[in-house]
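Number of protein chains: 2
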Amino acid sequence: MSDAVPDVARAEIVGAVRRALAKHGYARLTTKKVAAESEKSEAFFFYHYDTKDDLVVAFLDWATERSAERLAAIDSDDPVTRLFVACDVLVGDYEDEDDRGINVAMMELLSHAPHDEAFHDRLSAYKRSVIDELAAIVSLGIESGAFRDVDPEATAAYLLMTADGTTGAVMALGMTDVGEKVRERLFDYLTSTVLADGVSPPAAFA
Amino acid sequence: MSDAVPDVARAEIVGAVRRALAKHGYARLTTKKVAAESEKSEAFFFYHYDTKDDLVVAFLDWATERSAERLAAIDSDDPVTRLFVACDVLVGDYEDEDDRGINVAMMELLSHAPHDEAFHDRLSAYKRSVIDELAAIVSLGIESGAFRDVDPEATAAYLLMTADGTTGAVMALGMTDVGEKVRERLFDYLTSTVLADGVSPPAAFA
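Chains as they are written, first to last, in the numbering used here: chain A, 8 to 213; chain B, 8 to 213.
Please note that the accuracy of each hint is not assured.
Any copy will do: because identical chains look the same in the list, a pair fits if it lies in one copy or spans two.
[Claimed, not checked] Derived lysine-lysine pairs resembling DSS-like cross-links, with alpha carbons at most 27 Å apart:
id : residue 1 : residue 2
1  : Lys40     : Lys188
2  : Lys59     : Lys39
3  : Lys188    : Lys59
4  : Lys59     : Lys40
5  : Lys47     : Lys30
6  : Lys59     : Lys47
7  : Lys30     : Lys59
To be clear, the hints were calculated from the coordinates, so they are not data collected in a lab.
Put together the whole structure using the sequences plus the hints.
So this is what it looks like as structure tokens:
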């Protein structure tokens with residue numbers, strides 16, 4: 008009955024699933040452990056969602072929306088700023104417990120996608136939507152003359168893969184030195200390969 | 008008693024763990040499911056390894072060695088060829104069931120690293136060793152004049168993150184169009200940013 012879950016209950020539930028996933032991972036998740044991260048009883052969770060996987064799908068839907076909203080909310084009309092900030096958001100911040108927990112949980116759910124159609128379909132749609140969003144920014148930059156005439160889709164896919172790759176080494180293993188180097192190389196790539204000659208990166212990324 | 012496991016038994020066991028991980032994932036793995044992928048009995052597995060996690064650690068050690076051997080076995084003294092082939096090996100081949108199963112299993116185990124010290128330590132050492140291996144190739148290329156004067160460690164980390172990122176979208180979700188685009192961008196990056204002016208990519212990657 009997840010379609011009919013009221014917004015307030017859904018926010019409470021998703022917050023608890025998020026905290027429980029960060030603490031225990033998906034493999035060891037139980038509805039009991041989710042309820043332990045909330046003021047509500049286990050019965051409250053079962054009233055709204057039939058199974059543990061329904062809870063996890065609600066989390067996935069929320070995490071997907073969160074990411075889409077963060078990309079859409081980038082406060083600039085300038086494609087240069089939008090692209091740098093979008094890459095920064097996608098890499099995430101190791102010091103931010105939410106970013107860390109959500110990215111590692113999404114990676115764990117990705118590893119279950121070959122065995123789980125609901126996860127597979129949602130995660131595929133999510134990856135596709137992020138690539139589309141990045142490709143739209145790249146297309147805007149090409150039209151405005153701020154970017155070179157790169158392939159928007161291929162560039163978007165390439166940038167997303169690099170950001171995705173940091174989830175394992177940086178977020179899950181804590182190799183923050185690797186994270187810093189990759190972030191620097193990634194911004195250098197944008198400057199040297201995507202920005203048109205004479206266009207500078209935003210001040211915050213220079 | 009995993010230190011004392013004879014090579015033949017170890018190979019049998021690791022093969023079964025690998026097939027069981029590809030089929031069921033780590034979360035749903037049991038020693039019974041591992042034994043079902045082998046001619047041996049469950050007792051055989053318990054004789055050599057006490058727990059499911061000991062079996063998985065044996066798999067991790069094997070997968071790490073496999074990767075190191077594949078990188079070390081690249082049949083060329085030319086740093087240009089070595090770098091392109093190494094990146095190709097790290098991205099892996101979606102059509103190869105072993106590559107797919109192993110990469111997705113490693114990603115799942117990465118997601119457990121925050122909760123599991125044995126996984127964390129092995130996976131950190133593994134990532135570090137791949138970065139070192141790539142950085143050594145980059146340093147060789149700089150010395151020989153075939154590469155630009157890039158930062159070997161940062162370049163190595165950046166290349167590995169891009170390769171790692173494809174595990175989710177390509178290997179787990181089957182987005183093979185994304186895989187092809189990223190591979191093309193990655194080789195283009197090597198050509199435009201790492202190779203010195205006038206140095207061409209190997210024929211197989213041009």
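Is it within, between, both or neither when you check Lys59 against Lys40 at 27 Å Cα-Cα?
-> Answer is both; intra-copy 10 Å and inter-copy 23 Å each pass.
Go through the copies and call it for Lys47 and Lys30: within, between, both or neither, with a Cα cutoff of 27 Å.
-> Result: close within a single copy only, 18 Å intra versus 36 Å inter.
Are the CA atoms of Lys30 and Lys59 at most 27 Å apart within a copy, between copies, both, or neither?
-> both (16 Å within a copy, 21 Å between copies)
Intra/inter-copy verdict for Lys59 and Lys47 if alpha-carbon distance must be at most 27 Å | Classified as within: same-chain Cα gap 16 Å, cross-chain 34 Å, threshold 27 Å.
Quick one: Lys188 to Lys59, C-alpha cut-off 27 Å, is that within a copy, between copies, both, or neither?
-> Neither way: Lys188 and Lys59 sit 38 Å apart in one copy and 36 Å across, limit 27 Å.
When no copy is specified for Lys59 and Lys39, does a C-alpha distance of 27 Å or less occur within a copy, between copies, both, or neither?
-> Classified as both; 10 Å inside a copy, 24 Å across copies.
Could you figure out if Lys40 and Lys188 sit no more than 27 Å apart (CA to CA) within one copy, between two copies, both or neither?
-> For Lys40 and Lys188, the Cα distance exceeds 27 Å both inside one copy (37 Å) and across copies (41 Å).
Of the numbered hints listed earlier, those contradicted by the structure are 1, 3.
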